[in-house]
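Asks: One-letter residues, chain by chain:
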Amino acid sequence: MRGRLLAVLAGLTTAFIGLVGLLHTPYGRPLMRRIGVACPATRVSPDEVEAVRLRAVAALRTEVASPARPALGQTLDVSRAPEVLAWTRARGLVCAASVRPVHALTCEGGGAPGAAAARSRPGSPPADQVVFAFAPDGRLVSVDRLRSTLTAAEASRLFGQTADELAAALGPGQLVGEATPEYLTGGSMHAVRVAYRFSDYLATVAAVNVGGRIVMHEQYESARGG
Amino acid sequence: MKRSIGTDLGLLAGAVALSLLGACSSDSNASGAGGKGGGAGMAAAGASGAGGAAGQGALYVKYGSAIPKVVDDAVAGVTADCELAPYFAVVGTTGHDSVARLKSCLRLQFTALFGGPATYPGVNDEGDTCVSMTDIHLGLGIPADKFDRFVTDFGGVLKADGVADADIATIAAAVMGLQSQIVSSAPVEKSTCADASVGQ
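So the protein lines, in turn, are chains A and B.
By this note's numbering, the letter at position 205 of the first sequence is numbered 188, and the numbering carries on one by one without gaps.
By this note's numbering, the letter at position 184 of the second sequence is numbered 264, and the numbering carries on one by one without gaps.
Check before you lean on any hint, since a few could be wrong.
[To be verified] Partial list, derived from the structure: chain A residues whose beta carbon lies under 8 Å from chain B:
| no. | residue |
| --- | --- |
| 1 | Pro84 |
| 2 | Val114 |
| 3 | Ser125 |
| 4 | Val159 |
| 5 | Glu204 |
[Unchecked claim] One side only, chain A facing chain B, incomplete, derived with CB under 10 Å:
| no. | residue |
| --- | --- |
| 6 | Val27 |
| 7 | Val124 |
| 8 | Leu129 |
| 9 | Tyr166 |
| 10 | Thr168 |
| 11 | Met172 |
| 12 | Val193 |
[Unchecked claim] Over the 12 Å line for every Cβ pair with chain B, so calculated as not near, a few chain A residues:
| no. | residue |
| --- | --- |
| 13 | Val32 |
| 14 | Glu33 |
| 15 | Arg36 |
| 16 | Gly56 |
| 17 | Thr58 |
| 18 | Asp60 |
| 19 | Ser62 |
| 20 | Asp120 |
| 21 | Glu137 |
| 22 | Arg140 |
| 23 | Ala150 |
| 24 | Ser182 |
Bear in mind the hints are in silico, worked out from the structure with no lab data behind them.
Bear in mind that the values here come from a model prediction, so they are computed numbers and not experimental data.
Beta carbons are placed, not taken as given, at the ideal position from N, Cα and C, and that holds for glycine.
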């Protein structure tokens, strides 16, 4: 009797483990969402995400220290959430704070912060989204801005301004593509990108034709640690 | 030795469950944040098989030897992005895919995408099965802004690695064609886990 009970328990336990496994397959995930379990990407810890980021940063950085570390007016590795939040409030941005998968402030709307400093330019299209990400210890480690609905002319002008400001602060970067409206509208995934790689700082600004829309993506991040 | 129906059902359930778990293991090789393909599955989102479009064989001739570098650069660029990194967070952790296996699947995808001697989904150069793009992203709830970030990161990498615009256009057609399958109409936003709403 006891043996039978144990066998049944063993079978049921194994079935439960199998069910959990099934729920983690591509076929099981929609079911998990229906029962209220969020995407795994939202359930990983900030430490895990930072480890992934640092691995990538280690592969991208160089041996040369950056002469400056522009990040939309923020100070990487120094600024913390309360200061950044005050900064965004002063500019009318509406932000949501998250703790998973990363400590971040995700801001939309309002006056777009300028690329080089805490100012907005007349006529500048609104930033669709600005994300300030913090390391688990609270340091600001990444500022990311995404504009998803630019015209080619707007993207050309904004990319040019941003690239000029970065060049003034950092010197010439690794530039590929052309920042002209004609080039950007010339084909899907036509891209212009300028990248800077230092031992303590990475910056990448790209404008890409995404199915007819011009998407501009700016990333400024700390390369320290890891 | 006699066994009751209850015992048999229990063992049967266990056997079925083990087979499902086994399926999970191979599927998870390429499944979202939980497996091999991870978010980086998007990195070759259009790879559906060799010769899928005119000129792709020529792409392989031109860029085949550069595929490992493109994959390395794409993975580094995408995972350095704080907004995309969470989709890769479990890669390399116990019970999940390794970075090496992730890249192996991506090399397979790129080889297929460029018209080389591979089909995708298929078996990668480590003997593991990589699942389809649709299956990889199913249920991940990837929001549109993540797709935009990925495309700008990826487009920049292709450009920086010397892929010609005409060739990028060929790749782009495949990538953009899968946007509707990758981007969720009911995205799981980080706000799911948000602890506060501020700024208003």
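Asks: If you check each hint against the structure, which ones fail?
Replies: The structure conflicts with hints 10, 13, 14, 15, although it agrees with all the remaining ones.
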